[in-house]
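Protein chains: 2
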Amino acid sequence: MKCTRCRKNQAEIELIRHNAAFCRDCFVDFFHLQVQKAIKQWKMFSKDDNILIAVSGGKDSLSLWNVLVELGYNVSALFIDLGIDGFSEKAFAKVEAFSNKIGSKLIVVDLKKEGIPIPKVIKSVRRHPCSVCGQIKRYYFNMVAIKNDFDVLVTGHNLDDEASRLFANVLHWKSEYLQDQAPLLPSENGLKKKAKPFFRVTEQEIAAYAFFKDIDYFVNECPLSKGAIFSFYKKELNRLECESHGIKIEFYQGFLKEIRPLLQNAKKDRNDKITFCERCGYPATKNGLCSVCNIKEKINLKK
Amino acid sequence: MKCTRCRKNQAEIELIRHNAAFCRDCFVDFFHLQVQKAIKQWKMFSKDDNILIAVSGGKDSLSLWNVLVELGYNVSALFIDLGIDGFSEKAFAKVEAFSNKIGSKLIVVDLKKEGIPIPKVIKSVRRHPCSVCGQIKRYYFNMVAIKNDFDVLVTGHNLDDEASRLFANVLHWKSEYLQDQAPLLPSENGLKKKAKPFFRVTEQEIAAYAFFKDIDYFVNECPLSKGAIFSFYKKELNRLECESHGIKIEFYQGFLKEIRPLLQNAKKDRNDKITFCERCGYPATKNGLCSVCNIKEKINLKK
Numbered sequence: 001m002k003c004t005r006c007r008k009n010q011a012e013i014e015l016i017r018h019n020a021a022f023c024r025d026c027f028v029d030f031f032h033l034q035v036q037k038a039i040k041q042w043k044m045f046s047k048d049d050n051i052l053i054a055v056s057g058g059k060d061s062l063s064l065w066n067v068l069v070e071l072g073y074n075v076s077a078l079f080i081d082l083g084i085d086g087f088s089e090k091a092f093a094k095v096e097a098f099s100n101k102i103g104s105k106l107i108v109v110d111l112k113k114e115g116i117p118i119p120k121v122i123k124s125v126r127r128h129p130c131s132v133c134g135q136i137k138r139y140y141f142n143m144v145a146i147k148n149d150f151d152v153l154v155t156g157h158n159l160d161d162e163a164s165r166l167f168a169n170v171l172h173w174k175s176e177y178l179q180d181q182a183p184l185l186p187s188e189n190g191l192k193k194k195a196k197p198f199f200r201v202t203e204q205e206i207a208a209y210a211f212f213k214d215i216d217y218f219v220n221e222c223p224l225s226k227g228a229i230f231s232f233y234k235k236e237l238n239r240l241e242c243e244s245h246g247i248k249i250e251f252y253q254g255f256l257k258e259i260r261p262l263l264q265n266a267k268k269d270r271n272d273k274i275t276f277c278e279r280c281g282y283p284a285t286k287n288g289l290c291s292v293c294n295i296k297e298k299i300n301l302k303k
Numbered sequence: 001m002k003c004t005r006c007r008k009n010q011a012e013i014e015l016i017r018h019n020a021a022f023c024r025d026c027f028v029d030f031f032h033l034q035v036q037k038a039i040k041q042w043k044m045f046s047k048d049d050n051i052l053i054a055v056s057g058g059k060d061s062l063s064l065w066n067v068l069v070e071l072g073y074n075v076s077a078l079f080i081d082l083g084i085d086g087f088s089e090k091a092f093a094k095v096e097a098f099s100n101k102i103g104s105k106l107i108v109v110d111l112k113k114e115g116i117p118i119p120k121v122i123k124s125v126r127r128h129p130c131s132v133c134g135q136i137k138r139y140y141f142n143m144v145a146i147k148n149d150f151d152v153l154v155t156g157h158n159l160d161d162e163a164s165r166l167f168a169n170v171l172h173w174k175s176e177y178l179q180d181q182a183p184l185l186p187s188e189n190g191l192k193k194k195a196k197p198f199f200r201v202t203e204q205e206i207a208a209y210a211f212f213k214d215i216d217y218f219v220n221e222c223p224l225s226k227g228a229i230f231s232f233y234k235k236e237l238n239r240l241e242c243e244s245h246g247i248k249i250e251f252y253q254g255f256l257k258e259i260r261p262l263l264q265n266a267k268k269d270r271n272d273k274i275t276f277c278e279r280c281g282y283p284a285t286k287n288g289l290c291s292v293c294n295i296k297e298k299i300n301l302k303k
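Which chain is which? The protein sequence lines are R and C, in order. Numbering follows the working numbering, with no gaps: position 237 of the first sequence is 237. Numbering follows the working numbering, with no gaps: position 163 of the second sequence is 163.
With the rest of the complex left out, here is chain R (with noise of 0.2 Å):
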């Protein structure tokens, strides 16, 4: 099959979704288009900005990070290492191969050094383990942000993610969870401004661009992650994409258009609520301490 798009090369990628085939040139072109619309469409940043992508080292974060510095924007990266043995450091070795292969600079926060590496958090913190780490992640990203004084946050995730995730609070009508469901959540309640220039392409799709990109990512799965529901929505949402091609993509962006502004019209100003931590500054919940803070807090009262 020639490429839809050239016509001159053979195809190397159909993209069922789009009713495209594309050799890998064009697919690559075609590919920076998608992220640079979801850019442009949702203003997501300038050349201008500082931006901080967070790392995992998987194909999504290296893929991003190779985007966005090939498309001549202005990055650096965070990566948290979560202090899992046997995985972390692995997942590291690749980050650092690859930030010095395209030259940007590094930024990194060792959480055994912060007293609150992840297989000991999930010891005393009745969660699953990708919530609470989530919660950690998500802490050390926005202080690192804004210590340094970013513009703006981005991350890998992709449309998969995204769909997946508002499938899973649309089955439960998660109204909280559903007003905060965008690829760009502006700077509010003392949080950094954060964007997913990847919500308009699918895992599949990074995963061809990653490979025809020869980025060398972590491909394993993290050994805690084991019964994480998301995986079962993903599973779901696939089905129904085989059944009805391009309902992923309808479906994140149906609800961007008709849902989500009802729910943000509703939304009572959660300033009122919100006030700081004592000990970190960060938006806290309970008495007196963010989530992170109450973390340490516990895994030092067990000690």
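Treat each hint with caution, since some may be false.
No copy is singled out in the list; a pair is fine if it fits within one copy or between any two copies.
[Said to hold, decoys possible] Straight-line C-alpha distance at most 25 Å; calculated SDA-like pairs for lysine to any residue:
1. K40 to W173
2. K123 to V152
3. K174 to L263
4. K37 to H172
5. K174 to R17
6. K174 to E236
7. K137 to R7
8. K235 to H245
9. K174 to D25
10. K226 to G246
11. K257 to E176
12. K267 to S175
13. K226 to N238
14. K267 to Q253
15. K226 to S244
16. K174 to I16
17. K37 to W173
18. K234 to Q253
19. K226 to H245
20. K174 to K257
21. K174 to P261
22. K174 to H18
23. K174 to W42
24. K37 to F212
25. K192 to V152
26. K174 to L184
If you're looking for bench data, these hints aren't it; they were derived computationally from the structure.
With chain R's structure known, arrange chain C on it following the hints.
Then chain C, alone, in the frame of chain R:
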């Protein structure tokens, strides 16, 4: 296993989502209670109202008819003979027999006499048979209720019907359809008040009720309903329910509580746009005729 309600008799049915198992009598009580809850919660109708129930001969409509009569409501039934040879006459036989047994009034509309039997209609209208058939049934249902001065229309739509319709409408975010998704639609725009007293019970629970009550219903599937997309969404929801018991009702009721009020607030006053059919007086959408008079017009032009 003993019945979890009376703790005396042997349980005959297990309801995982309610974490209960019932003997025959307790299940029937439980089932009636679910219907009464639905009627009261949504103020659907009272014992003073003249109720018109749409009956197809299937388990849902005959079971609902039975429940309403047993609960002491004043119910008449409407059967619409779709004119599908080898199918409609069998459905009617079940309805007629049940009507005689239960002693309620039965009104019949014969689509052959109306000039629009479904097999003839689908040759002239390029839509899925279920879509156009539903439209025609709603039309006569309303017309009969208006002409005979009924207070409310009821249908046997159950939780599976409602949740799968919501699921489909949510995946595509069809706000206009979402606005009209509720167990009770008030009388407006020339249409009668419409209620779905079975919205809290599942297909499986209704089948058990029909079995326990020895209701002789029509089991055949309509020969024209092949490829109806709703059966796909029903299957998907059943998969989700297996993974997470109670998700169907949570999904449906969560929508009614969290999202529907927002959609209602945002709803443009559609009364402004409504015109009435110059032939039959039913709400019309285009060229001065309602959808059913439009179908009749098409069929007459083909003659």
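Each hint tested on the structure:
| no. | hint | in the structure |
| --- | --- | --- |
| 1 | K40 to W173 | between (30 Å within a copy, 24 Å between copies) |
| 2 | K123 to V152 | neither (33 Å within a copy, 58 Å between copies) |
| 3 | K174 to L263 | both (11 Å within a copy, 16 Å between copies) |
| 4 | K37 to H172 | between (31 Å within a copy, 22 Å between copies) |
| 5 | K174 to R17 | between (29 Å within a copy, 20 Å between copies) |
| 6 | K174 to E236 | both (19 Å within a copy, 21 Å between copies) |
| 7 | K137 to R7 | neither (45 Å within a copy, 51 Å between copies) |
| 8 | K235 to H245 | both (15 Å within a copy, 18 Å between copies) |
| 9 | K174 to D25 | neither (42 Å within a copy, 37 Å between copies) |
| 10 | K226 to G246 | between (29 Å within a copy, 23 Å between copies) |
| 11 | K257 to E176 | both (17 Å within a copy, 14 Å between copies) |
| 12 | K267 to S175 | both (9 Å within a copy, 19 Å between copies) |
| 13 | K226 to N238 | both (19 Å within a copy, 24 Å between copies) |
| 14 | K267 to Q253 | both (20 Å within a copy, 20 Å between copies) |
| 15 | K226 to S244 | between (29 Å within a copy, 17 Å between copies) |
| 16 | K174 to I16 | between (32 Å within a copy, 24 Å between copies) |
| 17 | K37 to W173 | between (29 Å within a copy, 22 Å between copies) |
| 18 | K234 to Q253 | both (17 Å within a copy, 24 Å between copies) |
| 19 | K226 to H245 | between (29 Å within a copy, 21 Å between copies) |
| 20 | K174 to K257 | both (18 Å within a copy, 11 Å between copies) |
| 21 | K174 to P261 | both (15 Å within a copy, 15 Å between copies) |
| 22 | K174 to H18 | between (31 Å within a copy, 22 Å between copies) |
| 23 | K174 to W42 | both (24 Å within a copy, 23 Å between copies) |
| 24 | K37 to F212 | within (21 Å within a copy, 59 Å between copies) |
| 25 | K192 to V152 | within (6 Å within a copy, 54 Å between copies) |
| 26 | K174 to L184 | both (19 Å within a copy, 23 Å between copies) |
Figure legend: structure checked against the earlier numbered hints; hints not met, in rising order: 2, 7, 9.
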